[in-house]
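Order-wise, the sequence lines are chains A, B, C and D. So the working numbering is basically just the index in the first sequence, starting at one, shifted up by 43. So the working numbering is basically just the index in the second sequence, starting at one, shifted up by 43. So the working numbering is basically just the index in the third sequence, starting at one, shifted up by 43. So the working numbering is basically just the index in the fourth sequence, starting at one, shifted up by 43.
Heads up, some of the hints might be wrong.
Because identical chains share one entry, a pair is satisfied inside a single copy or across any pair of copies.
Mimicking DSS-like on lysine-lysine, the simulated pairs with C-alpha atoms at most 30 Å apart in a straight line are [what the hints assert, rightly or not]: (1) 343 <-> 248; (2) 57 <-> 88; (3) 80 <-> 153; (4) 127 <-> 343; (5) 79 <-> 144; (6) 373 <-> 340; (7) 248 <-> 263; (8) 248 <-> 80; (9) 205 <-> 262.
What the hints contain is simulated information worked out from the structure, not anything from laboratory work.
Number of protein chains: 4
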Amino acid sequence: MFNFSLMGAGRIGKMHAEIINSHPECSLKYIFDINKKFANELADKYNASVASTAEEALENNDIQVVFIASATPTHTEFIIKAAKAGKAIFCEKPIDLDINKVNQCWDEIKNLKVPIQIGFNRRFDTSHNQVQKNAHSGKIGQLEMVVITSRDPAPPSLDYLKDSGGIFRDCTIHDFDLARFILGDDPVVEVSAFGSQMVNDDIIKINDHDTTMCILKSKKGVLVHINNSRRAVYGYDQRVEVFGSKGMSISNNQTPSSVEYFNESETFSKEPILNFFIERYSQAYKDQFKDFVQSIKLNKDTNVTFKDGRNALILANAANESLNKGQNIKINYD
Amino acid sequence: MFNFSLMGAGRIGKMHAEIINSHPECSLKYIFDINKKFANELADKYNASVASTAEEALENNDIQVVFIASATPTHTEFIIKAAKAGKAIFCEKPIDLDINKVNQCWDEIKNLKVPIQIGFNRRFDTSHNQVQKNAHSGKIGQLEMVVITSRDPAPPSLDYLKDSGGIFRDCTIHDFDLARFILGDDPVVEVSAFGSQMVNDDIIKINDHDTTMCILKSKKGVLVHINNSRRAVYGYDQRVEVFGSKGMSISNNQTPSSVEYFNESETFSKEPILNFFIERYSQAYKDQFKDFVQSIKLNKDTNVTFKDGRNALILANAANESLNKGQNIKINYD
Amino acid sequence: MFNFSLMGAGRIGKMHAEIINSHPECSLKYIFDINKKFANELADKYNASVASTAEEALENNDIQVVFIASATPTHTEFIIKAAKAGKAIFCEKPIDLDINKVNQCWDEIKNLKVPIQIGFNRRFDTSHNQVQKNAHSGKIGQLEMVVITSRDPAPPSLDYLKDSGGIFRDCTIHDFDLARFILGDDPVVEVSAFGSQMVNDDIIKINDHDTTMCILKSKKGVLVHINNSRRAVYGYDQRVEVFGSKGMSISNNQTPSSVEYFNESETFSKEPILNFFIERYSQAYKDQFKDFVQSIKLNKDTNVTFKDGRNALILANAANESLNKGQNIKINYD
Amino acid sequence: MFNFSLMGAGRIGKMHAEIINSHPECSLKYIFDINKKFANELADKYNASVASTAEEALENNDIQVVFIASATPTHTEFIIKAAKAGKAIFCEKPIDLDINKVNQCWDEIKNLKVPIQIGFNRRFDTSHNQVQKNAHSGKIGQLEMVVITSRDPAPPSLDYLKDSGGIFRDCTIHDFDLARFILGDDPVVEVSAFGSQMVNDDIIKINDHDTTMCILKSKKGVLVHINNSRRAVYGYDQRVEVFGSKGMSISNNQTPSSVEYFNESETFSKEPILNFFIERYSQAYKDQFKDFVQSIKLNKDTNVTFKDGRNALILANAANESLNKGQNIKINYD
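Start from the sequences and build out the full structure, keeping to the hints where you can.
What follows is the structure in structure tokens.
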């Protein structure tokens, strides 16, 4: 039985609380949130205690695992404290928006050897995961191209956007990780990125973009395209296509039911696709957690490492640089 | 080079005239229609002559083949005269609505040994034809069930319906033939049929039906379902499903383009399906004709025989009897 | 909080135990099974008690609800005892294979006014349920035809089949109920049924069938087709199509993922469809239970009544009679 | 009636000969090819004359239209001579591989005002064309992104590749034109291109690529992605996706039939997609020609102008430059 402290009781924290609580080998013991009301509600629901300070949750002797679902700027501090207390750690993406803070965090924890997993949940989606397997099982032969389509149903508020770190570090980071996951041991070496401001005018004010396209090139020459939008009115558009010398495999969009309509103006018509990430990736979030628990139980390396979190951020930063300079950026992972 | 007389210059006659004219080994020489205006128009278009009497077209020494696309009640008379004149014959379905006339016709022509093919065009549709092959190639194992969906886009006029012979002899006869085609040498031995009057009230006045379902059973136990409607607002619904011990194959509906739509209320949506038979079965009509020409050229039996035309009518009559009596009808092919 | 006794700890009982246990307002208190090992295992897992006799489970003062998932021949006895003890009852389908026992059961309980729901889970499948709604919301206009395809992935053992009551009362009963559900207040008035023995030879020995087709006709003239097989190698084939004056809606098959394959011999290819009922109808079983709990909580009529269970059996019996006599059977619900 | 000279009797010339011949208002009079055998065969088939010199075909008083389907290096010479002789001109893509020759050609002909259309057939494909309409009809709102997938089924010979001008000017030029067609009056202003050598080793020897990705940005900020491969084993992969503020529309791949397969390892499976361009774009080639004839008949501007041919080449050259320099290229149309 693993006892957990949960850092953060907001929307994503609530979802993780339920997942932790449902796992037969896990128990949710402490909850910390700077918003005490949120922390209390969640503690009541799962019969857990509210920690009065972050440290109380992070360093408590009763717990073995810290689950970090708090605001991004708190991540590295919580990781360092939990690691120093010898806890296993699950941290939502991104580790931080600042690569220097990420590097400093790694310097602090690398010798502590605590298990740590970063929340790139999409790797665990049954369909995306199957497509990744197909890219290496021989089913599509030698991998040559990857096309990732990733569009949110509706833009978040300007308030959220201001602190988001920009679309590449907020949204595309998931797709950069997915690209890295699919490429396996073949690293991305070059990036080109384009961005536009199409969805609303406010995005210009904060110098961010809402419509973007990237091309990545791997060391072996595999080309990867990613396109993103902050708004897809038909739902949360999440597709992954892998193409190779012997075929292609696509993880296509999913609708809530299998119902089709036919009438005088349309045929084979289905409902809007699943919307939004908590619904679309419900299975992925659960399986990500099971996988994490299995890793710490068997004392194995986790399947999404600190380095994975850092490298996805490096790609996001390179995309920003490419967009600003109007040229390809060679990736430096040092 | 085969010279043709075409009997009938109505909607279906016009279509066949173009097909005959486009075939590199065929020449359209004579056209007969009781409507002289229709005959003249078609003759002008294809540089053919108008025959002043049916006999002139049927018995002319210049022609080798008679193509019968005239009104159903004229079919058997034209067949007999053409056969006696030694012509090869293509006759649109049905041979006649009256099984006695069909039998008499056969008695007259059976010893003349002229090639004759009946116009069950759907056998030649690429997709339906492939499904039939799949039913026997081992691809679906032993055939066990067949489901045929066949719905017209909109009901014809009451005038047409009055002389149509009823839905089973007018529409379902195509599906009975398709069922026989798919079953191959395994004959239908029993039929049950249901009918309703749902599309409009006039259908009741003429004691016909517009919504029907049948079950056929073959000698080997294969079960066949056919459903028909005179009205499908989304287009001409034409599907064939074959199911067996090792799988299933479906000939699905076809849209004019491959365009899909996604918006806030629908996804994966396509246009209404192809509508109507001249458009949907355009390829089938052409390939049916090529196949007929190939048969007479190589002096082989045609692939849709007089017997096929007669047996489909026997099934249609049995369906009528089943519907009237409320019981299964055993098929007697004698 | 509702306390439950569960009758039957076999495959389906185990599934229901988990569902009861997961419901926040329900508690699984007693388990009865003639197989004590099964009962003990389940009781251990959910911290429940094993009842030493059926009566102990059915009549216990601590419980408010009896969930009957035991062998079919025990159903009516358990229903009667539970009803007399004033318990709310959920009973798996079928109520019994013998209409006389069903009628006697009803005579015993009808005045006791206890809530009772029969386990026709498919009504609660998101897709089938949506199709039923579409049949009455105006979305497809006036309902005219229904086509239900229902094929099991693999035949059960001969031992199971011998006591199953035959395919119409064992399998098709679900489809008869679904047809009744879709038709709403328009009753089935006539049935025709065909059966074949295609899957294996043993089925002949026990005078059952493994491949069947039915047509039902409703009072208003709606035609319903049902086809069944005990074996579909591509998975558990579960489709429902409703057709009307303004369109069509289909509840199509579902695959475990949204992955498509393209290679040199196939395109748009997906995995085998979900298999078997516990997986395919997982959501439906849960929502069926929620709906039942909601009904008893609000003291409302249940949404699948004893009469629904009885009427589906009447249709199954009529199908048997039709198949044996080779004629349509008019339905008598008295 | 328009009389035609056809320049070039190779594979594509043969196809165009048949299209010209089938048009009711066109007559194929002269054929020129440096391969006299090819010219003779085609002339025999369509009852045309073989021109002994290019000039005889281009300047003949009997003809009104010159159709250029000869080798690319002959295009500008033939265009200039035909234009000086006052002929209407249809010229297969590309006008030339060298932008200087294209510019000189334009200087020579621009004041002659003869009708000229360039062979970007894909604009006339029913599905792609519909998608283009959808991008401007309001059906998807304001256009924001375009994704074009364009993969040949199998690589051509090294001999062909050596003279092809490289993948961007040989293949992608079609997609650059399609992008321009979809963008309408919103010009492409910037390009980034990547290329890899994945399909075979020979491509490296000639310094070409077989696997490429581009991003284009329009003046209004619309982002366009194009990906190409010289080899897609599942057929000729031709997809166009337009995405906007109110939805998305996709022109998806097409299979030769509508047949689906279901067996124990796959479901919803279709045949390989249509392959190759003569088959896939058969309808587009015909409608392109009809459109051209209509333009010259009504004395209107053609729908695919010399400038369209030139601008697509400018984009292809910019893509080459981007790939070589590793940076975005701003487009200069002067």
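Do the hints match the structure? See the list:
Taking the shortest Cα distances, residue 343 and residue 248 never come within 30 Å of each other, neither inside one copy (46 Å) nor across copies (46 Å). Both within a single protomer and between protomers do residue 57 and residue 88 lie at most 30 Å apart by alpha-carbon distance, with minima of 10 Å and 27 Å respectively. In this assembly of identical chains, the alpha carbons of residue 80 and residue 153 never lie at most 30 Å apart, being 35 Å within a copy and 51 Å across copies at closest. Taking the closest pair of Cα atoms, residue 127 and residue 343 come within 30 Å of each other only inside a single copy of the chain (19 Å); across copies the shortest separation is 58 Å, beyond that limit.
When the C-alpha separation of residue 79 and residue 144 is checked against a cutoff of 30 Å, the pair qualifies only within one copy, where the shortest distance is 27 Å, while the shortest distance between copies is 61 Å. In this homomeric assembly, residue 373 and residue 340 never come within 30 Å of each other (Cα to Cα): the closest approach is 39 Å inside a single copy and 55 Å across copies. Within a single copy, residue 248 and residue 263 get their C-alpha atoms only as close as 40 Å, which misses the 30 Å cut-off; across copies the closest is 18 Å, which meets it. Taking the shortest alpha-carbon separations for residue 248 and residue 80, neither the intra-copy value of 33 Å nor the inter-copy value of 68 Å comes in at or below 30 Å.
For the homomeric pair residue 205 and residue 262, the shortest alpha-carbon distance between copies (26 Å) is at most 30 Å, but the shortest distance inside one copy (35 Å) is not.
Hint compliance for this structure: hints 1, 3, 6, 8 are not met, and every other hint is.
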